[in-house]
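Top line first, the protein sequences correspond to chains A and B.
Each residue of the first sequence is one higher than the last, beginning at 14 in the numbering used here.
Each residue of the second sequence is one higher than the last, beginning at 19 in the numbering used here.
Think of the hints as simulated: they come from the structure by calculation, not from any bench.
Ideal placement from N, C-alpha and C gives every residue a C-beta, glycine not left out.
Treat each hint with caution, since some may be false.
Label-pair ranges, simulated between beta-carbon atoms [claimed, not checked]: (1) A:Gly395 - B:Arg231: 37 to 45 Å; (2) A:Lys364 - B:Phe40: 21 to 29 Å; (3) A:Pro270 - B:Asp124: 39 to 47 Å; (4) A:Leu311 - B:Glu227: 23 to 31 Å.
When the alpha-carbon atoms are kept at most 25 Å apart in a straight line, the in silico SDA-like pairs for lysine to any residue are as follows [what the hints assert, rightly or not]: (5) B:Lys247 - B:Ser74; (6) B:Lys58 - A:Asn163; (7) A:Lys117 - B:Glu194; (8) A:Lys319 - B:Asn193; (9) B:Lys36 - A:Gly303; (10) B:Lys72 - A:Asn163; (11) B:Lys58 - A:Arg114; (12) B:Lys58 - A:Arg38; (13) A:Lys117 - B:Thr106; (14) B:Lys36 - A:Val329.
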Amino acid sequence: MIPNRYQNAYVVLSNHIRTNVVKARFWMYLVIFLQFPWHSRVGDDWPNSQVSKYMQWRYGDMNVEMFFVMVWSSIKDWMDGQGRFFPVAALQNQIILTSFRTDKSLAIFYGVFFCATLAIWVRVIEKVYNNKTIGTIFLLSSLIFIRFRNDFEPHIGFAQLVIWSFFWSALAMLLLIMSIDTKSIRYPTDWAAALVYLLALCQYELAILFLPTIIIFLSLAFQIRNQFKLSKLIAKIYPTIATTMCYLLFVFLYLRPKANPSGNYVTGFSIPESIKTFYTTVPASLPFMGVNMKEIFLLPNSSNMKLVFLVLAMIVILFIGKYFKSNPLNGNSDIHGNNRFIVYPLSTKLKFMSLLSMFPLILGPSLILSIQPNWWGYFDFGHTYLGVFYSEIGLATLCAVYFFRGKKEK
Amino acid sequence: MNLKIQREDRIGLPFGVKFFIFFLILVALLNNLRVSEQTKNRDNISATWEALVKNSEFFNDVHDKDLFISTTYNDAYQINVADFYLNTGKRLAAFVWPNYIWPFFDECKNFSTCPLENGVEKINDWLVNISKNDSKLRMLSKEWKFTNDWPSYIHNSGALRKSNFWYFNIYMLTNEVGLAYLIPVIKNESNLLIDVSYTKFFMVSLNQETRIRPLLGDRCFVSIYDKQKIDTSYGSVYTSTFTMTPNVPKLKPLDLREMTIGTC
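Here chain B stands alone, though its shape is the one from the complex (with noise of 0.2 Å):
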């Protein structure tokens, strides 16, 4: 046996032998290497929220109680209110998806036809479904004296009535470029609107030299400051503020779902 062994030892191991387990275990780690460029993606787009929490500037106009519409807040990639809270130290009332309010929010084409109607009312409706959602955290906590429950409260005290609406969104225009835009909301009862003549955009890229600018309609937007280079978790991005020419006429407010961005 030792001979044999010994012998095998001093052949080594055969070229092909070699050959298939480096292939083997190069083909597990490239999977690896690919899976993790996979969901790569999501590290620009968090890189962008994070720059966005990280300038305060930008939420200036927002207050406690006020309340973000958005169509592309995702919990899973911090883009909650939670993690709203927690950098600004803002403590919005609530991030909403329209689809909760407004079920046909995606389906109808016709906005005339399916207008997005008693938005305060359904909204606050909707806050107590929140606070439903959780009872048993709610119900121990009454137990261990935490009831300053904040859903319950904005819902008990009517504060929606008071605090201004924001239509938010962010995502990636490009892979490198993501953009964030903060709208007002017109609480008005038989529709939201929003009043897009004072929308702010603000953009993301990871490179300096990027030099797109938003457009809605057929407005494009300038910058109203220079790029700012802005360290986050991610690496580092360059910033950009931008709002609607001075002195030009104001848009009509629009339904939200008309809202159509574009680049210049």
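This is chain A alone, in the form it adopts within the complex (with noise of 0.2 Å):
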């Protein structure tokens, strides 16, 4: 039995950290973001990188008719040749490719994108649980989970293509969730979700792992503010719903009919190799999977990474001194001033709702990629997958939810 205070131990840390919210976030992204600049494999992403380069040798030139040729060339090819839709992929990374020139500007700009669609996400699910020190608590967690990989890297790596796809899906949730709460415009932005959502679905189609998320997190913004019914939730979802169904149907029943799908782009299913494929990935992004825990601990052997560890080092440390440091008094006190809805700790309904909402993130790589007879014995426990950023913020998420218990209100 684990001693209660072990139990609550986020709770205490909630408290504290609530007090000085916006210094806390703020060293946290400063973490999050100087991770990012160190970074060499932006330019990796061939061939993306480098097709604006190589039409200017090609054709001579580059202006705009080009690029959109260029664009347009690549995502007919995907088109005809896999049966995949992704033009806001191809029009995304050209723009980025093209606008960033070296790796280095590549990188501070992933780095700062990156942080802004943490912040989008922090905004949601303080939304959705109408509670702001979850959101800060997800950061807190998020710095354990959020790790870069060596062989499949989502965070900086394919032109940050799952980066941009939960972006899109966190946008489109927020502007649902901020519906509930606004009475004048709520059925355009219901709409304006519904298109940002098609365009997370045109980023990545693995974007589709976030429907039943949003579906069950609306569900769960409309039960914390005591206001459900299911006539409400399909009223509000029917648009999302309406947009990925004809995303759906023009893939399905127009692009892989004509398409000569290969590779990772055929389904099959076989029940040794899809349990196995789905086991050996499902832990990818619990901490300690593929990390080397005798070479981690060794300095790094460069002189600038030295400096940036020793930064990280001390900003750490900074922040655990000061905000793991008790202060009941002004720890318990509510800066945010916005439980005006909710009883904490969440009831056990909601707290499961919760872990559902989790799941298709967390699992829903790894369901998709055990589909793929091409992945078929390529996975051990020490390999990642692009889907692997959806199943780490599927974690930090479900300990922000199940560690805060907060006060109960009045």
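Relying on the hints, combine the two individually framed chains into one complex.
Below is the structure:
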């Protein structure tokens, strides 16, 4: 039996953080951002990163018209070849890769965008649970779960394809949840959210995993506000479902039959192989997975990296020292003052719904890998995959929801 | 409930829990830094490439439509024909990986039994494949009236017969020293040979004190300029250009697979 005080560790922590939430968040975003500019793999995403240069070499010039020809040809190649439709990804990565020509500028942009995306997600969970501390605890948890990878690197590699799909999905969720608290522009906001979610699907089809999360999050938000009615939920979600259906019909009834999918885009199922792929990939987002504990405590070789290490270590020590310190009176004061609707701790039902809402993000990527025969036999416990970022976010969110208990409102 | 929370607040987080959270964060950060450092190696080769293409004199003898044969070019590291054009303004015909042209390139040990025959013709045919691989891009380009596709032009005009071929490679000699070389190729139909007497080396070091010089066969090369400091987007580097000592007997042309590089 774990002693009660251990179970409530995050409660106490959350109270302390709450007192200085802006500062705490600033330090956490800084720690996350500082890890980006030192990466060098940003330009590795051949051929995406080089296409605009190649166009210049092949055709002697590169102008706006040619840029769109290039992007269109890339979209058309994927549609005709594999039956995939991701025009937003083609446009997004070429705009970014054409705009930022050096690895350093690209890495800095990626760092800023990553933090902005996290900030949107923080806002989403704050809105859903109507509590800002949960957002801060999520950020703290994300420091534990967000880990850069050696093989398929979703945070900075592949032109941040996965991060962008997450960004659009989170933005769609934010719009939907914001519209609950808005009276006047509710209907247009719901449709705007549906269109933004369509952007997420057109960025990377894995964003489909967010659909159940959106639905459960919405019903959670309604329940936390004591406004839950199935008809209300359906009215709010149907534009998103309608656009998703349009996307799915277009891809599966029009594009796929015409295309010749190969490799990763062919599906299949085999009892031993699919199950093995599933259980070897699911734990990838857990702490310590794939981490070489012997090597990790050696100091970096390059002097630049040593400097980064020292700066980060100082920030973390300061952060830990300051925000983990016991300060009961301040810690217990609710500076956000926004817990009007909810009584904490969350009821078992709401906790269960939270767990359910994160299942698609945590388990979905592995499930999809397990039905792609091309990956069978490829993974062991050390390998990762692009969808691991969704799992990291899912686990960090669950930590925030489960470890936060807060205090009961009158 | 409130009393309980107040009591918990007063005692604060137990040291063990604080330590565990700190440890988890530390492991994640260290892991991320370690991965960053592992990818850092590519910065040095990218810095070498950037310094090289910024150095106008090294490629003085290279002209538009010339062709580089290279075993170390790497599209992902920006070491490619497109980046070369963007930085030097010289529009090469292509960078060619010899294995594309002669599939036995790496396996063959006895070079006399597997000469690099019909280089010009085979590379010209390969250029058609470049165009075919991007057929959709080409088709679209025609629709949009972009018909001046460079590989197709090189192929159709027979430009390769008149242009020069170069054997070019770039790699890291040590963690801190990058080396590139450029050697004219003699376009012999029966075998491609390199004229090593006209070899140019370009060395990039991260610190000024590096005193390594390149060695080709038994010839030690001399620097033709003082070390130059060049600012790259990866930081400052020190560059030296080397040629063979003047007034020494010329070396016999070599099969490019026989090329061995050392340091002195």
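To see whether the hints hold, each was checked on the structure:
Between Gly395 of chain A and Arg231 of chain B the beta carbons are some 42 Å apart, a value that agrees with the proposed interval 37 to 45 Å. Take Lys364 of chain A and Phe40 of chain B: their Cβ atoms lie about 27 Å apart, and the range 21 to 29 Å holds. For the hinted restraint 39 to 47 Å between Pro270 of chain A and Asp124 of chain B, the CB-CB distance of approximately 42 Å keeps it satisfied. Between Leu311 of chain A and Glu227 of chain B the C-beta distance comes to about 26 Å, which sits within the given range of 23 to 31 Å.
Restraint check for Lys247 of chain B and Ser74 of chain B: satisfied, since their Cα atoms lie roughly 14 Å apart, inside the 25 Å limit. Note on Lys58 of chain B and Asn163 of chain A: the hinted pairing holds, with a Cα-Cα distance of about 12 Å set against a maximum of 25 Å. For the given pair, Lys117 of chain A sits about 19 Å from Glu194 of chain B by alpha-carbon distance, which is consistent with the 25 Å threshold. For the given pair, Lys319 of chain A sits about 17 Å from Asn193 of chain B by alpha-carbon distance, which is consistent with the 25 Å threshold.
About 24 Å separates the Cα atoms of Lys36 of chain B and Gly303 of chain A, which keeps this hinted pair within 25 Å; it holds. Restraint check for Lys72 of chain B and Asn163 of chain A: not satisfied, since their Cα atoms lie roughly 31 Å apart, outside the 25 Å limit. Using a Cα cut-off of 25 Å, the hinted pair Lys58 of chain B and Arg114 of chain A holds, with the two alpha carbons roughly 18 Å apart. Our distance criterion of 25 Å between C-alpha atoms is broken by Lys58 of chain B and Arg38 of chain A, whose separation comes to about 29 Å.
Restraint check: the Cα-Cα separation between Lys117 of chain A and Thr106 of chain B comes to about 21 Å, which is no more than 25 Å; the hinted pair holds. The suggested pairing of Lys36 of chain B with Val329 of chain A holds, with an alpha-carbon distance near 12 Å, which does not exceed 25 Å.
Of the numbered hints stated above, those contradicted by the structure are hints 10, 12, listed in ascending order.
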